[in-house]
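Student: Sequence:
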Amino acid sequence: MFARRLRNTVMVVTTLGFLFLFCVPRLASGANNSVELLPQWKVGEKLHYQMVKTRLRLQDNKVVLNASTRNNLEIEVLQASAQGYILRWLYGETKLSDSKQTTEPLIQQMINNLNELQSPIILKINSLGSIEEVQNWEQIKETSTLAVDTIIKQLQNLGLDKAMVTKMRVQIASTFATKEQIEKVYIRMPQLLFLVLGRTYTLSQPIEYKDKLPNPWGGESFPSRGEFALKTLDRKLGRAVVTWKQTILPEEAKRIIEKTMNDLTVGLVRQAPIQSLPDNLTIEDAAEFAVDISSGWIHSFTYTRTIKINKSLQKDTITISRKLK
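Those letters in the sequence shown? Residues 1 to 325, per full-length UniProt numbering, in order.
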């Protein structure tokens, strides 16, 4: 009797041991390899970043442009609820890093005027970190109009052709004519910074998706392929690093370019002259985000867009790093 009870006890303990060894670690492993990145922001939080933008342009493998600017960036949480957040996004003074540009009086004067007329952007963001609207778009429109008028006046004082200056003003002003156009301009940077939020990431399991990029010559958009991947997950540090890339499909790009050229020939699309269409085009976006797991705030962000057109290459890089105060 005792032997049977002992044997049953041993079997139960052994079974529990196997369950612990083979079931519990698998569950824990899955949990430890995954992370959901969501905004958990609090009213009154104010974060400071430094932003550096660089543009490198090559023609036949020769550098024809290498310029950069620096800004401070301040993000403040004005409201927070279960539905989302209201953020105040404010750029600081723009500074040119290129010594040649800083010695050009006209360029420096334009930068100074833009700095003086800089206004905050009030963003409405949902609980997943997606931007829904620019709330103060009318104020931005007014400020932008003043900036354009100031710059146009400076160009007129230089004695530039009046017809050309007038055409330039119309083109620039059209960018800020409606709420939709203003949001298209002013949402782009916040969208890039918060692009990583609102998803669950798992190590060694990239998230792939399909998208479309606008055609700069008008006509059909370029199909593209994108991917998010969890690069590292450090729970002790409380930080996740996620990479992102997006590339237009080359076989589709060739077809669309040919179609756009045909449309131009018959006068269906008039956004650009025929000779401006490239024989070969590639557009690649890539970014890396370091995100604080508990808050969803971006610690650092690097973004690069590379455009290759025939023998020319342009690479735009944006780096945003958090400043601790």
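Some hints here could point you the wrong way.
Unchecked claim - Dumping the calculated DMTMM-like pairs for lysine to aspartate or glutamate here, alpha-carbon to alpha-carbon at most 25 angstroms:
id, residue 1, residue 2
1, Lys-46, Glu-133
2, Lys-231, Asp-285
3, Lys-212, Glu-133
4, Lys-236, Asp-285
5, Lys-95, Glu-74
6, Lys-42, Glu-74
7, Lys-311, Glu-252
8, Lys-212, Asp-292
9, Lys-124, Asp-211
10, Lys-95, Asp-316
11, Lys-162, Asp-149
12, Lys-245, Asp-263
13, Lys-308, Glu-208
14, Lys-167, Glu-180
15, Lys-124, Glu-220
16, Lys-323, Glu-74
17, Lys-212, Asp-234
18, Lys-167, Glu-142
19, Lys-46, Asp-149
20, Lys-254, Asp-316
21, Lys-184, Asp-234
22, Lys-212, Glu-227
23, Lys-245, Asp-211
24, Lys-212, Asp-161
25, Lys-53, Glu-252
26, Lys-124, Asp-161
27, Lys-323, Asp-292
28, Lys-184, Asp-60
29, Lys-245, Asp-285
30, Lys-212, Asp-263
31, Lys-162, Glu-142
32, Lys-141, Glu-180
33, Lys-323, Glu-284
34, Lys-308, Glu-288
35, Lys-46, Glu-227
36, Lys-53, Glu-220
Calculated directly from the structure, the hints in this document are not laboratory data.
Student: Honestly, which of those hints from before does the structure not fit?
Tutor: Of the numbered hints, 4, 8, 12, 15, 17, 19, 21, 24, 25, 26, 28, 33, 35 and 36 do not hold.
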